[in-house]
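Relying on the hints, combine the two individually framed chains into one complex.
Residue numbers (numbering that gives the first Met the number 0), protein chains in the order written: chain A, 0 to 384; chain B, 0 to 526.
It is possible that part of the hints are untrue.
Interface residues of chain B toward chain A, partial, derived using beta-carbon atoms under 7 Å [stated by the list, open to error]: (1) 335; (2) 336; (3) 340; (4) 344; (5) 347; (6) 348; (7) 352; (8) 354; (9) 454; (10) 458.
Examples of chain B residues lying across from chain A (beta carbon under 8 Å, computed) [to be verified]: (11) 337; (12) 339; (13) 355; (14) 361.
If you are wondering where the hints come from, they were derived from the structure by calculation, not from laboratory data. In this text, a Cβ means the ideal position worked out from N, Cα and C, and glycines have one as well.
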Amino acid sequence: MRVKKLAIVLMLPVLLTGCWDNVDLADINIVTALGIDKAEDGKIIVTVQVIEPAALQSPSSGLGGGGSAQPKPVFVESYKGETISDALISMKSIVDKRLFLSTTQVLILGERFCKDGINEALDFLHRDYQSEYLTDVLVAKDVTPEQILKVQPDMEAIPAMYIKGTIENTAIRAKVKRTMLINLFKDIENKCRQVTIGQITKENEKTVKTEGTAVFKDGKLVGWLDQYQTRGYLFATDKVKSTVINIPVTNGKMSIEVSNSSGKIDVEFKNGEPARLSVQVRLEGIIGEYTGKKPLNSPDDIYKLEKILSQEVKKEIVMALNKAQKDYSSDIFGFGTVVHKYYPHYWKKVMDEWNDVFSKLPADIKVEAKIMRAGLIKSPMMKDE
Amino acid sequence: MFRKIKKRLRLGNQQDNIDTIYTGIDEPLPRNIERVKERLNEIFSECSDYIQREIVCGEDGCIRILVSYIEGLVDRSILNQDVVRPILDYFSSVEAQDKAKRVYQLIKERVISNNEVEEVQSMQQVVYKIVSGDAVLFVDGSKSALVVGVKAPQGRQVEEPDTEVSIRGPREGFVENLATNMVLIRKRIKTPNLKFEMMQLGIQTKTDICICYIKGIANEEIVKEVRKRVKKIRGDAILDTGYIEQYITDNRLTLFPIVGNSEKCDKLVAKLLEGRVAILCDGTPYVITVPHLFIESIQTSDDYYDHAFFASFMRVLRFLALLISNLLPAMYVALVSFHHTVIPFKLIITLAASRQGIPFSPFVEALLMLAAFELLREAGVRMPRTIGQALSIVGAIVLGEASVRAGIASNLMVIIIAITAICSFVVPPLIRATMLLRFVFLIAANFLGFLGISFVAVAVIIHLCRLRSFGIPYMAPFSPLTATDLKDSIIMVPIWAMITRPKILFQEDTRGTVGIKRREVNKIGEG
Chain A
0 MRVKKLAIVL
10 MLPVLLTGCW
20 DNVDLADINI
30 VTALGIDKAE
40 DGKIIVTVQV
50 IEPAALQSPS
60 SGLGGGGSAQ
70 PKPVFVESYK
80 GETISDALIS
90 MKSIVDKRLF
100 LSTTQVLILG
110 ERFCKDGINE
120 ALDFLHRDYQ
130 SEYLTDVLVA
140 KDVTPEQILK
150 VQPDMEAIPA
160 MYIKGTIENT
170 AIRAKVKRTM
180 LINLFKDIEN
190 KCRQVTIGQI
200 TKENEKTVKT
210 EGTAVFKDGK
220 LVGWLDQYQT
230 RGYLFATDKV
240 KSTVINIPVT
250 NGKMSIEVSN
260 SSGKIDVEFK
270 NGEPARLSVQ
280 VRLEGIIGEY
290 TGKKPLNSPD
300 DIYKLEKILS
310 QEVKKEIVMA
320 LNKAQKDYSS
330 DIFGFGTVVH
340 KYYPHYWKKV
350 MDEWNDVFSK
360 LPADIKVEAK
370 IMRAGLIKSP
380 MMKDE
Chain B
0 MFRKIKKRLR
10 LGNQQDNIDT
20 IYTGIDEPLP
30 RNIERVKERL
40 NEIFSECSDY
50 IQREIVCGED
60 GCIRILVSYI
70 EGLVDRSILN
80 QDVVRPILDY
90 FSSVEAQDKA
100 KRVYQLIKER
110 VISNNEVEEV
120 QSMQQVVYKI
130 VSGDAVLFVD
140 GSKSALVVGV
150 KAPQGRQVEE
160 PDTEVSIRGP
170 REGFVENLAT
180 NMVLIRKRIK
190 TPNLKFEMMQ
200 LGIQTKTDIC
210 ICYIKGIANE
220 EIVKEVRKRV
230 KKIRGDAILD
240 TGYIEQYITD
250 NRLTLFPIVG
260 NSEKCDKLVA
270 KLLEGRVAIL
280 CDGTPYVITV
290 PHLFIESIQT
300 SDDYYDHAFF
310 ASFMRVLRFL
320 ALLISNLLPA
330 MYVALVSFHH
340 TVIPFKLIIT
350 LAASRQGIPF
360 SPFVEALLML
370 AAFELLREAG
380 VRMPRTIGQA
390 LSIVGAIVLG
400 EASVRAGIAS
410 NLMVIIIAIT
420 AICSFVVPPL
430 IRATMLLRFV
440 FLIAANFLGF
450 LGISFVAVAV
460 IIHLCRLRSF
470 GIPYMAPFSP
480 LTATDLKDSI
490 IMVPIWAMIT
500 RPKILFQEDT
510 RGTVGIKRRE
520 VNKIGEG
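If we strip away everything but chain B, and leave its shape as in the complex, we get (with noise of 0.2 Å):
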């Protein structure tokens, strides 16, 4: 089915580039400067921010100069100061007839105050260069253009990211531009095998993507795959890394997350000398790791920082948040509803006692206030921050308390969600995958009970087992069971005990449904 909901997509894609005027085919550069003009003129028609300056010098006008940029992606001090006044002052003060014909290579080797000077020839290649923030020159009766890098400074400054706080290590974050992001990983990793492999996406926005990896670190056939992945990728946009993300997952229809991905250097870093493959993405501060395992979500890069006894505690308090931020609704249901027996007597004597006068079973009331909570939730995210603070009390107090004062809810429900919001944003890759399965499991609770969850349970299990990121199991270390890799799981090892790399990355996939899943994916890649 989504088969061919893709196909028609991608259908409809073509007979949009169809539409469109510039076709990207490629054309050698006119030798005229004013058949450039022209081209460029009709290439960039509508675009206001396209600016051309000729430049004329040398006696009767001889040499002719076309500059051609993008408004505001270009720093046009720099550009007047590398480019613009260099030539004017040398082809002011110089006899220039007789060199007219070596203008080019005298501008290209001697008067271009910058660095970063690129040779282009066909047409293609100028618009590329034009619309990526680079300035463009051409000199009259040249058949190629000189491209100058004077692209000016985009975005934010590095600031520590706000939706992954940390108490203690390094605060600073990743931002939208590709440039800083890498300097920022290479800044903190000072090899030459840290590679960096570039290429671009999206049929329109020509995205720069980068496969970043520790040749040597990280499994060769891991990284070979994600390569291959990602060339698959057809699109008109890559936005955010998000968009890669789902076209390179081995399983599409799943609730868990098996690609990971992160804001923060240092927790980037580290995955990378872990033997992890990254992605990086221009334009989006998020950055994509592969394979991602289940244990990652429960990891927080503060375990590494502090002691492993603070760390072990507080992962087996995250995986217990896990545990009850899944069931406890359904938990609470499939006892009041089911198995009073098992209910001490003082509890089931307030278990009743909350339950007197209310209006709805447990399921309804259930069902109604964890669909209010991710109500609020969502509310309280999209809010502008100010208001999403005061919207949330209100959430939290005032409906909470009238609900009960109403006889709507009982005491103990509104407990219960409380207790299992609170679970829930203990693990945040895990957030969204929670909030589905609560309801399964509530849902499956009411039927049948513990019968019911049990039965969920298993098949939850069965399919975490079955997952797998890049062909490595997601349940690694625990299933397969790796003794080694349990250094670094629930309970932790301190960091001067963790002498080997993780072994799960190099594991071998003995039942082979990696290839099937892999055919799979370039089937739906190739469309």
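In isolation and in its complexed conformation, chain A is listed as follows (with noise of 0.2 Å):
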């Protein structure tokens, strides 16, 4: 009896469920990389990147021996809906499994499709429950997201995980901004701060490149910043973990390897209104290269090589600065965030037209650099004849 009774209630949760979804991992389409772009007409083009897993296992277990022709790891198809979730449903008419959206590693976003604002692409994914949040975002340069999708890399079979390396490496050098999926999700409403995305350029059929950052304001591409204004803007934010500066040296070179950097803003107040905007740097660095012909002997030439190096730093924040001020008017920077912290019935005034004052407001900008060591050795490896 107690048995029946136990018997009962187990199977009362069978009934609850709502999401019967037994699909076995052979019949869904593996998606590796979205691209979303606009057609002329305003339609929306979603490309999808799917893998075929069959060709990428190890020809040793292949099945049926394997005929001479190896099949193409990956598919890239490309579909026009009215919408991002029609495209995509509409798309099934071209494929042959359910498209699985969980896998993706990298969503592309095209040029046209930011300039009309990228807030269609985000309410899509953020409503489907397959997406996954930690998607690296890129905006394509000059392409369409099809065409970055069809690139065929040497080096990696899966196309999307190349890309994926490539954000990983420029990141870490700093040259990009990285931003996920979430980040976009939190910021995209955020009047603190504005949203920048990576930037990706087809360098060849067979090559893409990672470096710069799309502006963006409001939700809507505004414009970009190069690799050394990018530099800037993460030094000044404080996205930097390493990266490698060159400095400019009597009769030869330096590069100098950054290990340490910690980044500060804040905006200064005076008479209740925002009177200066600073920016405050430190940044530890050692020698990696240095082909001049001046011995460095005494600490004075170390103190002088770091103030060259705080003054390349400047440089680049200085024109990144400059870039989101004058040109694009969008606070990236997240100068917002300290006024929304310190200053809240102040913000509560200005928050619709923050861009505009942030625009206007002049900047203390303080870099203080310092060089660790200069490597295992001392003096150039030419000195002077």
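Here it is as structure tokens:
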């Protein structure tokens, strides 16, 4: 009797389940990359990159001995629709299996689509239960997402993995702003800080390049930062983990490997109004390469180098700040968060026009650079003859 | 339902009893030796191994003695040396005539040079003694008979058991002979507090059963309960302690072993010293111990002979192996059919690649492979050992490899089943329970994914926590939590730090389910 009761209780939850979703892994199309762009007629073009697992299997365990023609590891399909979800669902008429989006590694947004605002894409991706929040987002400059996704790299069988690898690489060098989907969800409606997304361009049929940053204002693409401006921007926002900075020295060149850096931004207030922006960056580096003639014998030599290094970094920050203030009028640095935090009453008044206020403020930029070590040798290899 | 079947079976037994010739109704021994002979021949008709020997001595054959025994059970040289020759010598040399009346007394006290002499009065006892391997002496004119213990040593030598191999520690295992087994235990516990309570079970087999415990360490309540339950057993035969196990268990419908068994002396002695009660049975090397708790399944005697670090590590491994062998196929099926979103990207490519071109769903694939594995295992066990090995090699290598090449099973599934199989052998006492549970988990996973697995897991855990072994909660010391007894659970403290005996065996059960259970058991016992 008790067993029967227990059995009945255990059976009940079966009736309560909503997701009846027993799908074999062999019956889904594993999407590795997603591209969203806008056609000239205003319709949405969605591009998917799907892997063919069989082609990725190591040849030793291949089924049926394997023919001479190696099947392609991925295929790329595009489809046009009124909305993103419409395009994705309609795409089922040209692909054989259910599209599985949780494995998306990179999301490439088209330039035209971004100029009209990325909110539409974010709405769909936030609503859909399958979307992966740690997807890397990039904006394609001068090319369509489809062209980017059709790149066939030599280095990696799956182009999406290749693209992801390049982002990770350049993010370490502080030449690209790395933005994941979850950052976008957080920042898109945040008025204190404007969205920035990494930039991707096509080098040739086999390689892409991820360098630079796309600057957004109120969810719309307004312009770009080049790699040096990007680094300046990242220094100010405390996102640099390591990078290499080249500084001019007499009769040669020097590369400094930055190993540690911290950036802080602040807004100075006077009479209840913001008066100045301030950026403070401290960084530590070591000499990576030196091809000058002068030996580095005294600490004074090092102090001189530190000054030059500070100047270089400051130059980059000024360039980035100028672009953001003068050209794009978009507070990508997040000075708004400071105002919001410490002057909430003022913030409430100025919230909607903050970008205009921001772009007119003068800025103090302070960079303190330190060179910790000269490496294993002091003087350059080729001294004065 | 079980009770009904039981009843019917019991009725059947009784009908059989009516048909048997020797009913065992008690009757006194006739004084006349001819009548005795006649009666015994009647009882042992068509028993070709039954031997009667009549000794006639004294002048004009006034002393007549009958020796009865079963061929083979009795050591004939001892019988001759201790009984027959002394009788012949004594009565041929002595003027016997006047002593004729005192012959019985003389034989008993002076002639027989064997230590084990017993007097019996009834025919029933005589028959029992004969069939259990003693020689019985009848003297003409006497109303009782003499039983002389001249049993021939039976069975094999004490050797290391195959089922429980230990790397370190005593290698002696129990044998089929009860007396030997008792000696093996007594040898290790030199105290009169070690008690052996004998009784006979089985209507036909009259098997000797021995309840063994250490007075003062074992819980008296449990000893009493064991005695009570064992006495309730009715049945024609007790061929193995397995019979007893099934009669005395608290819950007859559980998959989990709630009565322990062992073939190793040192292990059993350790259990006795923890306060457990053992039941030995003549004719089998397996000794059962009660109460048996879940944690005992992952303990081995090796744990105590080595350092606690290694023992603890091995116990964690064993526990993990137990989980893996239960859950792994189910987890795999749940992952590849429901929860693609939780698989890491690189793994999903591997998984999808291995699934390519497999005609079956992961569930059917897992079911087929598991069934094949169980078949192989069973075949390997049943085959003679040398063939068994060859069989498992054929099964493992050829079948696995061929099924992958033929595209019936995926590489990964073969790996999964192999890991499951390896893990299932790590915890031998639970092999049978996990074997069935694995399928239950698998089916649940196919219908509801992880949700289904958790339903079954919850049900199993509830069941485990409800189980009692002789009133002791099966999951103790985890549920109910007994802090001091955790010293010998998954993490084990060194032997010098185990200063208290397990308290769990002395627990009062607060929930009162034991009372209900015992009553049910009694009812079943009474039929």
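To see whether the hints hold, each was checked on the structure:
1. 335: Constraint on residue 335 of chain B satisfied, holds at 4 Å.
2. 336: 5 Å, holds
3. 340: Holds - the Cβ of residue 340 of chain B comes within 7 Å of chain A, reaching about 4 Å at its closest.
4. 344: 5 Å, holds
5. 347: 6 Å, holds
6. 348: Status holds, d = 6 Å.
7. 352: 4 Å, holds
8. 354: 4 Å, holds
9. 454: This interface hint holds because 6 Å falls under the 7 Å limit.
10. 458: This hint holds: residue 458 of chain B lies near chain A, its Cβ roughly 6 Å from the closest one there, short of 7 Å.
11. 337: 6 Å, holds
12. 339: Holds: closest Cβ of chain A sits about 6 Å from residue 339 of chain B, inside 8 Å.
13. 355: Cβ of residue 355 of chain B sits 4 Å from chain A, so the hint holds.
14. 361: 6 Å, holds
Of the hints listed earlier, there is not a single one the structure fails to meet.
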